[in-house]
Structures are given as structure tokens and as C-alpha cells.
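K.L.:
Sequence:
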Amino acid sequence: MRRASDGPSLDRAVPALLAKVGRYPQHHGGLGVVRTLGRAGVTVHAVVEDRLTPVALSRHVSRAFVRPSTGRERPDALLAALLGVGRSLGGPCVPVPTDDEAAILIAEHAEVLAECFLLPRVDPGLPRLLAGKASLHALCEELGVGSPRSRAPADRDELVDAGRELGFPVVLKNRDAWSRLRTPAVGSTTAVRDERDLLDRFPPGTLPPVLVQEYIPREAAEDWITHLYCGDDGGPPVVFTGLKLRSWPPHAGVTTRAVALGNPVLGELAADLCRRIGYRGVADLDWRYDGRDGRYKLVDFNPRTGAQFRLFENVRGVDVVRALHLDLTGREVPPGPQADGRLFVAGPLDLPSALAALREERRLPPGLLLPSPGTERAWLSAEDPLPAAAEGLRFLGTVARRVGREVRARTAGAARTA
153 MRRASDGPSL DRAVPALLAK VGRYPQHHGG LGVVRTLGRA GVTVHAVVED
203 RLTPVALSRH VSRAFVRPST GRERPDALLA ALLGVGRSLG GPCVPVPTDD
253 EAAILIAEHA EVLAECFLLP RVDPGLPRLL AGKASLHALC EELGVGSPRS
303 RAPADRDELV DAGRELGFPV VLKNRDAWSR LRTPAVGSTT AVRDERDLLD
353 RFPPGTLPPV LVQEYIPREA AEDWITHLYC GDDGGPPVVF TGLKLRSWPP
403 HAGVTTRAVA LGNPVLGELA ADLCRRIGYR GVADLDWRYD GRDGRYKLVD
453 FNPRTGAQFR LFENVRGVDV VRALHLDLTG REVPPGPQAD GRLFVAGPLD
503 LPSALAALRE ERRLPPGLLL PSPGTERAWL SAEDPLPAAA EGLRFLGTVA
553 RRVGREVRAR TAGAARTA
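Numbers in the numbering used here are just positions in the sequence shown, counted from 1, shifted up by 152.
Hint data in this document are derived by calculation from the structure and do not stem from the laboratory.
Quantities reported herein were computed from a predicted structural model and do not represent experimental measurements.
Some hints could be false.
Said to hold, decoys possible - Quick list of simulated restraints, FRET-style, between CB atoms: (1) 161 - 416: 26 to 32 Å; (2) 527 - 306: 42 to 48 Å; (3) 416 - 239: 42 to 48 Å; (4) 276 - 532: 34 to 40 Å; (5) 307 - 527: 33 to 39 Å.
No residue lacks a Cβ here, since even glycine has one placed at the ideal position from N, Cα and C.
From just these sequences and the hints, can you work out the full model?
P.N.:
This is the structure in C-alpha cells:
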């Protein structure tokens, strides 16, 4: 039998492009994309913020296109930039979006982009609907899929009503994909403890697009993830399931440690949902198991590659990005069960997450020891070391700037009270 490390045979004549909208240079998911395809012999290009973006330094990137964006640009400008990159490559290419905005842009302009790119035949409006937190909740209610109770207030009065109806603490999220970049309500998923905390975050005036969601207590919950690829033929999707162990910020942010763990019930829930809505392409779904009623509740549906997708492979070496490339180039996606027990660790972010857990729970968190040699690391790679080095320097710079801001704030506060 072919070992998982050997992987499937991809079409090396068709390159891939890492596509993105917005500024997030320290993104390990994009690095995972270029590595998994590059190691399979596919030529990989990448849209990057600058020449020293960690992914631009990967040995698996053939050409880095410096196309910085904020997400505030007009869609036609973003489309023109993507088309320019595609035309410069001189042939069909498989784009791999790593953010919701890029996935939406590609889906909604698929007819134009088909000039340069091979694309899944997804309904053009579906990625925007799925990426929107309020529209996703409405879809779940319509289809009978578990989802945390949620409200999308239009003004401060409705915001207060939502908090009182759902009960504190509540969770706040940016409501829509593009609004999180243009008019963000919160920096990331945020729990607020009471009504005063809620109102302090939104002074009187225009309320930015925000979703208020019920808080499912940690002691009654488990965080699960499903990554999948739905092929153009509508056949059985490639589905993986895993358990999130830690995240940063704690309990709400990006996954810093997770384990691949087969969950047939959850896998079928995700596959059935995608069949019913006719989804095509790669997706990353976050679920929260609610022990109070024994249901899995869909928290997020990201219509693109997830940052921790390399946690998952089947026994034939297929992950969701390789499945995408295989399918769009007309090759069979080798079937097989997922390789359970794989561990994923996002290096620099996992340490503060573990320390936060230690501070909260007054005990050492599970999995604090160094991961085993077979662990999938987000950054470290002996055969591709430069991205990790670049990320380390940027991470230290981020920490230094944050400490500097806190010192200046405390100094200013002391001066005012002197």
C-alpha cells in the first residue's frame, strides 16, 4: 500500500496560486498550502504582502506576487489584480483561497476568472451566505442543523435586547466577511461578561455589523472541526474530523493544538449539510458540542482552506488541498479513511495558549510536553526552514510592540495621577 507520506500523484503541469485578500502575513495556513502542493511536485505561486512575508521565503514558492491589500479596495480592483496575476502565469492554474473574502471574490466572479483559473462549480452566492454569521445561522434554522442561538442587532437598543434574551456572558463576532475588514465590530471572536461590558464596547452612534451569540459553557462543551472537499461531480466528499485542544486567544481564536479524531456522526452531519446546499470546493467548519442537549452546533462555515488543514490526511496521503488540485485537473481523488492520531501544533501561539490555560485552571494543561516526531508543525520544517525563521522575527517584533504600548499606557496613567 502507498504510505501516507508518499501522497497521490498530482498533475505537475498545472500550477497553483495561493490567493488572499487582506493583510495577515503571519499565516501558517498559507504556508501549509504551498508545502503540501510543492512537496507533491506542483509549481506553486503566492500572492503576498511583501517580499519578506514568511510564505514568500518558502522553497516551495516558485514566484511571489507582491499584491498588498486591506479588503477596503473596490471589488473590481481586487478582481483586476487577481486576473493580472493569472494572465502572467500563461496557462490554467488552481487558486487556493485562504480567507473568506478571497473565496467570495473568486466565486462571485468565476465566469471572468475562468479565463485563467480552474474553479469549483459552486453557486456564486453560496460562499458569501455561508461566511456571513447571521445568514449561516438562518440557514441552519431553515435546515434543522444545530446552531447556537444568535441575534444580529441593528442598533444599540437591539444590542441590549439581544444580551438580555441570550443571557450573559455572550459571544460577539463580526457579522460579515467584508465588514470584518472594513468596519470591524471586534478584533476577533470575543466573550463579554455583562451588559455594561457590552455597552462600553459600542459607544452611542452607528453600530457596526455584529452578531451576538449565546455562550456555551466550556464545562459542557467540546470544540470540533471538520475539513472537507466536495468535488464537482457531487459524489461523496472527502471529510475529516478532529478535536480542538487549544486556541489563541483562548477558547475563541485560531487553533494552536488539535488532534485528528474520527467522528462518524459529525462527519455525516457535515457531509449531509454540504449535499443539501450543493456546496463545491474546500471548506473548514467549526462545531461546538453542547453537552446540555447532546447536539453538535455549527459555529462557523469557512468556504475556503482552514489554517490547520494539514492536521488531516487520509491513508493515501490526500488532504483537502491535494483533493482540490486532483479533482480540478481531472484526476481521481484516492479514497481512504483518515489517518487518526495526527497532532497539529501552531508553535509560537501554542505557548501563550498553554500559559493562559495554566493561569485559568491552576494546573498544567494536557499536551504541554513537546509533540512527538510525527506531529504536523505549522512552521518548523527541516527541509523548508526560512519561513519559521521569518515568522520568529515577526512574532518577537509583535510582542515587543505590544509590551511597548502597555508600558507607555502605564507610564501615561501614572503621570496623570501624580
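K.L.:
The structure should be examined with respect to each hint, and the outcome stated for every one.
P.N.:
Going through the hints against the structure:
1. A hinted range of 26 to 32 Å for the beta carbons of residue 161 and residue 416 is consistent with their spacing of about 29 Å.
2. Taking the beta carbon of each, residue 527 and residue 306 are about 46 Å apart, inside 42 to 48 Å as hinted.
3. Evaluation of the 42 to 48 Å hint for residue 416 and residue 239 yields a pass: the beta carbon distance comes to about 45 Å.
4. Residue 276 and residue 532 have their C-beta atoms about 39 Å apart, which keeps the hinted 34 to 40 Å range intact.
5. Checked against the hint of 33 to 39 Å, the pair residue 307 and residue 527 fails, with Cβ atoms roughly 48 Å apart.
Consistency note: the structure conflicts with earlier hint 5 alone.
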